[in-house]
Amino acid sequence: MSTIVLMKAFESVPGRYDLGMRLITFGEIAELRREITEAIPLNSKVLDIGCGTGELLPLLARRGARITAIDKSPDMVKTARERAAGENILDSVSINQNTAMEVDRLFKDAEFDAVVLSLVMSELTQEERSWVLSQCARILKPSGVLLVADEFWPGSFLKRAVFSLVRFPLHLITYLYTQIKGLVTTNIWWKIYYVIVELPLMLLSFFVSEPLTNPLESPETFLPEKLTVAHASEFWGGAVRLLKIQKADLG
Amino acid sequence: MKNFLLDVLQLFFRMIPHPTKPRLITFGKPTRNSPTLVTVNSSLTVRRLSKALKDENCYLLVAPAGGINVWCGSVGGHFTIESIISIIKTSGIEQLVDHRRIILPQLSAPTITSKELNARAGWSAQFGPIRAIDIPEYLRNGKRVTTAMTEIRYSPKDRLEMAVAMSGSIIVRYSLFPLMIFGLWGVSRFATNVLFTSAMLHLFNEKLPGSNNNRKAISISPLFFSLLLAFSWASGGTSIWLFLFLTMISLGAAVLVGSAYSGYTPFKQCSYSRQFYGYPPLEIDIVAEDCTGCTLCDWVCPVDCFAPVRQNTNRTIFVMANPANCVECGACLVQCPTSAVVNLFEVSKEQSHLRCA
Numbered sequence: 001m002s003t004i005v006l007m008k009a010f011e012s013v014p015g016r017y018d019l020g021m022r023l024i025t026f027g028e029i030a031e032l033r034r035e036i037t038e039a040i041p042l043n044s045k046v047l048d049i050g051c052g053t054g055e056l057l058p059l060l061a062r063r064g065a066r067i068t069a070i071d072k073s074p075d076m077v078k079t080a081r082e083r084a085a086g087e088n089i090l091d092s093v094s095i096n097q098n099t100a101m102e103v104d105r106l107f108k109d110a111e112f113d114a115v116v117l118s119l120v121m122s123e124l125t126q127e128e129r130s131w132v133l134s135q136c137a138r139i140l141k142p143s144g145v146l147l148v149a150d151e152f153w154p155g156s157f158l159k160r161a162v163f164s165l166v167r168f169p170l171h172l173i174t175y176l177y178t179q180i181k182g183l184v185t186t187n188i189w190w191k192i193y194y195v196i197v198e199l200p201l202m203l204l205s206f207f208v209s210e211p212l213t214n215p216l217e218s219p220e221t222f223l224p225e226k227l228t229v230a231h232a233s234e235f236w237g238g239a240v241r242l243l244k245i246q247k248a249d250l251g
Numbered sequence: 001m002k003n004f005l006l007d008v009l010q011l012f013f014r015m016i017p018h019p020t021k022p023r024l025i026t027f028g029k030p031t032r033n034s035p036t037l038v039t040v041n042s043s044l045t046v047r048r049l050s051k052a053l054k055d056e057n058c059y060l061l062v063a064p065a066g067g068i069n070v071w072c073g074s075v076g077g078h079f080t081i082e083s084i085i086s087i088i089k090t091s092g093i094e095q096l097v098d099h100r101r102i103i104l105p106q107l108s109a110p111t112i113t114s115k116e117l118n119a120r121a122g123w124s125a126q127f128g129p130i131r132a133i134d135i136p137e138y139l140r141n142g143k144r145v146t147t148a149m150t151e152i153r154y155s156p157k158d159r160l161e162m163a164v165a166m167s168g169s170i171i172v173r174y175s176l177f178p179l180m181i182f183g184l185w186g187v188s189r190f191a192t193n194v195l196f197t198s199a200m201l202h203l204f205n206e207k208l209p210g211s212n213n214n215r216k217a218i219s220i221s222p223l224f225f226s227l228l229l230a231f232s233w234a235s236g237g238t239s240i241w242l243f244l245f246l247t248m249i250s251l252g253a254a255v256l257v258g259s260a261y262s263g264y265t266p267f268k269q270c271s272y273s274r275q276f277y278g279y280p281p282l283e284i285d286i287v288a289e290d291c292t293g294c295t296l297c298d299w300v301c302p303v304d305c306f307a308p309v310r311q312n313t314n315r316t317i318f319v320m321a322n323p324a325n326c327v328e329c330g331a332c333l334v335q336c337p338t339s340a341v342v343n344l345f346e347v348s349k350e351q352s353h354l355r356c357a
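So the sequence lines, in the order shown, correspond to chains H and P.
Per our numbering, the very first residue in the first sequence carries number 1; after that it's consecutive.
Per our numbering, the very first residue in the second sequence carries number 1; after that it's consecutive.
Note that these hints are calculated values from the structure, not bench results.
Some hints could be false.
To be verified - Computed Cβ-Cβ distance ranges for the label pairs, DEER-style:
| id | chain 1 | residue 1 | chain 2 | residue 2 | range |
| --- | --- | --- | --- | --- | --- |
| 1 | P | L5 | H | Q179 | 24 to 32 Å |
| 2 | H | R66 | P | R310 | 55 to 63 Å |
| 3 | H | A232 | P | P281 | 51 to 59 Å |
| 4 | H | Y177 | P | V255 | 24 to 32 Å |
| 5 | P | P281 | H | A230 | 54 to 62 Å |
| 6 | H | L172 | P | G122 | 48 to 56 Å |
| 7 | H | L172 | P | L24 | 31 to 39 Å |
| 8 | H | L23 | P | R23 | 37 to 45 Å |
| 9 | P | L5 | H | L172 | 22 to 30 Å |
To be verified - Covered by chain P, per the in silico footprint, the following chain H stretches (three or more residues, Cβ under 8 Å):
| id | stretch |
| --- | --- |
| 10 | 101–109 |
| 11 | 204–211 |
As the list claims (entries may be wrong) - So these bits of chain H aren't anywhere near chain P, every CB distance computed over 12 Å:
| id | residue |
| --- | --- |
| 12 | V13 |
| 13 | E55 |
| 14 | G64 |
| 15 | R81 |
| 16 | L119 |
| 17 | S143 |
| 18 | K159 |
| 19 | P169 |
| 20 | G182 |
| 21 | L201 |
| 22 | E220 |
| 23 | V229 |
| 24 | A232 |
| 25 | G237 |
Beta carbons: idealized from backbone N, C-alpha and C, even for Gly.
Input sequences plus hints: build the corresponding full structure.
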């Protein structure tokens, strides 16, 4: 099921994000998080890029990890900090508002045992993706792990077609929602007027704009030399894959 | 030819984004010290800049900003520090030049500050001219802007351009109504009426009779209305119904054009942002005690709001001299290094809230 694009609609409201993600993944998001957590060695130093509401943080902290988490949205950072405070894990977690494109200045070479990129890559452009991955290769210790969980295009042509067909209306709905969610007017007639009048322009904009999220192609097409896929697993009908990527132990 | 067609198409559909690939463009033979300019990934903007820069030796970074123009993009939160950081990292410009300075379009001042860019990416920024045409002169002047470069001009050519852009958006938004009532006949009359009325209103706004834009639009619509009516009566025989239908269409077009007008000039924020999205009004003032006279607010203001005043202590400060000019872009508020520029609207709202408590 290619429902993951709907997450862009929930992103604007951190309070609803967790529930929304559980709904659109049919509860499998918990399974995904569990598998990410288990792939990370005990007592390691972890970087979570795009931590969102920080649901992964307590799971990692329980395994003795010292975590640095970043997210580009100030609202998400606030929510994640509140969660960390509520779970009493502030000692082992530091959360900052930064984008994935700033990791070159933030972190030293070989600083982390593990890096997590959960539902982040699909929001980046091709160039940004390869830049972020080359940076991940730099900040990982030799034989460190990189975990990429994201939406991937299916391999076969037929599956790809079905995937696009299901994804298209969801993408459109999400786009329209993100366009009108900021409406503040309370007058119902103004709201109806707005939607009728703006719909033609919104539809035009939808067709010419960059998509909200772009599923990834197969990992061989974007991984830098030092990184290789050690293990891959699929979630909610193959729409999301979790890649466990190993950094070569070359020193 | 292809570019000309694109120009026409994008002129009419100015209200939707026109994204192009974020990238690095090289002009002439730049050296390791050549200027590096930044702009948004709107293809119209990039084409115009490329035309203006064709004889220069420089780099142009096209930042990802949703394909929206610089001013709307920066006020609306599409052209941000993150856009610039992304293109600096992915373009490889750090390997091409020795300096760490970029030149930004002045109208990006409502969101982007050199201070934040420096802290987050190690690059400093300075604001160049508003218009692409001025960039060659700006570069020859040793990267110094003149007063004319920092203020908005609204030439007859710009006016005509905005008239077509506005007509495009009105026709796309509202054609459904004449289509449902009168069919295609109605849409063609509606569209030509909108084009004519907005062209007249934009070109001759100051000279038209009427106290507001709606009245001005209605006052010119009889001109085109009589043309349409003469054409209809000449081809289809005289009929009172044709007269009534055309009156409805012309009046509708005139009201839509008149009420949309001010938002399509560079002198007012679009009414939509306030009506539907509740953008707070800005009422800018400068706190005299905090002002250091650094001139930054005067520099980034596109409409000449501020003026220097010499204090008796031999200190020059800036004051809000022409509040009527303000377009509420918020550039001065964001750029002021000492937070001397304040928004009075917020202050008074807080105070009234306190009084309630």
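Status of the hints after comparison with the structure:
Between L5/P and Q179/H the C-beta distance comes to about 28 Å, which sits within the given range of 24 to 32 Å. Hint check: R66/H to R310/P, Cβ distance near 57 Å, so the stated range 55 to 63 Å holds. Between A232/H and P281/P the C-beta distance comes to about 53 Å, which sits within the given range of 51 to 59 Å. One distance hint, 24 to 32 Å for the beta-carbon pair Y177/H and V255/P, holds here, with the actual separation near 31 Å.
The hint said 54 to 62 Å for the Cβ distance between P281/P and A230/H, and at roughly 57 Å that hint holds. In this structure the hint that L172/H and G122/P lie 48 to 56 Å apart at CB is violated, the actual value being about 40 Å. The beta-carbon spacing between L172/H and L24/P, approximately 33 Å, falls within the hinted interval of 31 to 39 Å. Evaluation of the 37 to 45 Å hint for L23/H and R23/P yields a pass: the beta carbon distance comes to about 38 Å.
A beta carbon spacing of about 28 Å between L5/P and L172/H agrees with the range 22 to 30 Å that was offered as a hint. Interface restraint, the stretch 101–109 of chain H with chain P: holds (4 residues with C-beta to C-beta distance below 8 Å; minimum three). Only residues whose C-beta sits within less than 8 Å of a C-beta in chain P count toward coverage, and the stretch 204–211 of chain H has 5 of them, enough to reach three; the restraint holds. For V13/H, the requirement that its beta carbon stay farther than 12 Å from each beta carbon of chain P is met, with the minimum near 16 Å.
Consistency note on E55/H: stated as away from chain P, and its beta-carbon is indeed over 12 Å from all of that chain's, at 24 Å minimum. Interface exclusion of G64/H from chain P stands, the closest Cβ pair being 31 Å apart, more than 12 Å. For R81/H, the shortest C-beta to C-beta distance to chain P comes to about 20 Å, beyond the 12 Å cut-off, and the non-interface label holds. Separation of L119/H from chain P is adequate, the least Cβ-Cβ distance of about 18 Å exceeding the 12 Å criterion.
The Cβ of S143/H lies farther than 12 Å from every Cβ of chain P, with a closest approach of about 26 Å, so its non-interface assignment holds. Look at K159/H: its CB is around 28 Å from the nearest CB on chain P, clear of 12 Å, so calling it non-interface holds up. In this structure P169/H is separated from chain P by more than 12 Å, as the shortest Cβ-Cβ distance comes to about 21 Å. For G182/H, the requirement that its beta carbon stay farther than 12 Å from each beta carbon of chain P is not met, with the minimum near 5 Å.
Residue placement check: L201/H does not keep its beta carbon more than 12 Å from all beta carbons of chain P (closest about 6 Å). Every C-beta of chain P lies more than 12 Å from that of E220/H, the closest at about 21 Å, which supports listing it as non-interface. Non-interface call for V229/H relative to chain P: holds, since the shortest CB-CB distance, roughly 24 Å, exceeds 12 Å. Distance to chain P confirms A232/H as a non-interface residue, since its nearest Cβ pair spans about 27 Å, more than 12 Å.
In this structure G237/H is separated from chain P by more than 12 Å, as the shortest Cβ-Cβ distance comes to about 31 Å.
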